[in-house]
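Sequence positions in the sequence shown follow mature numbering (1 follows the signal peptide of the UniProt record, and there is no 0) and run -18 to -1, 1 to 401.
One thing to keep in mind: the hints can contain errors.
[What the hints assert, rightly or not] Here are the simulated BS3-like pairs of lysine-lysine, each with C-alpha atoms no more than 27 Å apart in a straight line: (1) 387 - 296; (2) 296 - 321; (3) 387 - 326; (4) 381 - 347; (5) 198 - 326; (6) 121 - 56; (7) 249 - 237.
[As the list claims (entries may be wrong)] FRET-style restraints, in silico, Cβ to Cβ: (8) 199 - 283: 24 to 30 Å; (9) 208 - 347: 33 to 39 Å; (10) 273 - 116: 35 to 41 Å; (11) 211 - 107: 37 to 43 Å; (12) 122 - 223: 35 to 41 Å; (13) 116 - 209: 23 to 29 Å; (14) 113 - 76: 49 to 55 Å.
Calculated from the structure, these hints are not laboratory results. On a predicted model such as this, the values are computed, not experimentally measured, just so you know. Built from N, CA and C at the ideal position, the CB exists for glycine as well.
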Amino acid sequence: MSNVHFLLAAIIVAISSGQTDVEQQDSEQPISFKTEKCTYNLVVHEMDTSRCPTFTKGLIQDQIPVQGNEITAKQEELEEVEDRIDSLEKQLLREIVKNRIMNSTLTRYDVALQRAESLLWEQRSNMTHLSDRVQELEKSLEYQKVKTNSLDKKLSSVMINVGEVINYVEKKLPKGTNIYEKAIAVQAASAVQTCGISDNHTIFKDCEDVHYQGHKASGVYYVKPLYGSCPIPVWCDMDTLPGGWMLLQRRESNKVDFNRNWAEYRKGFGDVTRDFWIGNENLFLFTNQDFYKLRVDLWDFYGSRVYAEYLFFKVDGERDQYMIHIANYTGTARDGFSKHEGNKFSTYDNDNDSWSEYHCAKDWKGGWWYNNCWYVILNGPYYNETDVKYKGISWNEWKSEQLKKVEMKIRPSFFYDNN
């Protein structure tokens, strides 16, 4: 085997070294080699030079599998990159669409913002105008306050002191003449346009105020409710304890017709020294300037006298049809008036009673706070006899017959009685 190896090695060396004796021989001629014991004849066939024989073929074939694996790996990486690029392109397209939508939305918002800014400027301009107007009105109000204060001072200087007037008139009248023989008409405090003249600046708000100021005689005094324009004449009862009662109504004869329309009951009518109704508007003004109580004095034809007193009494304004509020009875007449609580005032031309199928004021011939129709009626027709049931002046809880005389009067519910 060692000889064979040697021989093969010699052939390879001879070929690779390009020995001339071998190249010049015919390719088909045998080549002889001798050893100590043997002789070897080798025949080398001519080879196709286009095949480019090489001794590195084995090495290339060994490297091919390795390079193929690398190419496959690179191809996979390339495919991953391509997939990633596709994904990014799709994401980019989505972002572009979103961006266009956002731009469109921002454009709309920008237009809306411009409109809002324009409206804001207009509102600011309007507010500036209103602020200027308010300042003008405030200045005007201050000016009016100054004028009002001035007028109040002038008004105080021309207020009537009825006591002074009576004293003056009594001095001028013949002896034996009664001042109260002269009629003094009821006046509406909200409608008086001009006031009389007096050097006395004292203003009385009601008869209790007159009494408190030291006037103890019953009679006519001028008082001014809080929201009245001028003082009006009223009858102050200083004799019924504790004094200071202001009469709202008096009935003692048939000389004054109480079957009047709405406007007449609003203003009032009659003579404050005799039969009269003070007026619903005056009732509203007086009973809403303070807390008042009501007293009703009743006389029959037999000389009996009873009274009913209500610690709370108020009348609403015309918008509420002069609704009555009355509560907390005491007295000797037995309660009947509180059953008219919450009723609206009715006259023959303005029906506000609680009976939808009946016109109480028209049938009973007098303005009143009717329900279905009444338990108490003090403004009905006056009869000079007692046996007239229901159709006249009556307080059914005391007696169901005509009464001879009635008086309605008020004074503050809580006050300091200066005796």
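Problem - Given pair status - residue 326, residue 198, alpha carbons within 27 Å - result: violated (36 Å)
Practice task
Would you mind confirming whether the straight-line C-alpha gap from residue 387 to residue 296 stays at or under 27 Å?
Solution key: Holds, at about 23 Å.
Exercise for the section: Hint says 37 to 43 Å; check whether the CB-CB distance for residue 211 and residue 107 agrees. Expected result: holds (42 Å)
Handout entry: Cβ separation of residue 116 and residue 209, checked against the hinted range 23 to 29 Å
Key = Given range 23 to 29 Å: holds, Cβ gap about 26 Å.
Problem - Pairwise beta carbon distance, residue 113 to residue 76, judged against the given window 49 to 55 Å - result: Given a distance of about 53 Å, which is inside 49 to 55 Å, the answer is holds.
Exercise for the section: With respect to the beta-carbon atoms only, verify the hint that residue 273 and residue 116 lie 35 to 41 Å apart. Expected result: holds (36 Å)
Problem - 27 Å limit on alpha-carbon distance, applied to hinted pair residue 296 and residue 321 - result: holds (15 Å)
Exercise for the section: Go ahead and decide if the range 35 to 41 Å is satisfied by the Cβ distance of residue 122 to residue 223. Expected result: Since the Cβ atoms of residue 122 and residue 223 sit about 50 Å apart, the hinted range of 35 to 41 Å is violated.
Handout entry: Agreement of residue 249 and residue 237 with the hint, judged by alpha carbon distance not exceeding 27 Å
Key = Status holds; Cα separation ~19 Å.
Exercise for the section: Compare the distance between the alpha carbons of residue 381 and residue 347 with 27 Å, and conclude whether the hinted pair is satisfied. Expected result: holds (20 Å)
Practice task
Evaluate the given range 33 to 39 Å for the C-beta pair formed by residue 208 and residue 347.
Solution key: holds (34 Å)
Handout entry: Pair hint residue 121 and residue 56, alpha-carbon separation not exceeding 27 Å
Key = violated (92 Å)
In this structure, the hints that do not hold are numbers 5, 6, 12, in rising order.
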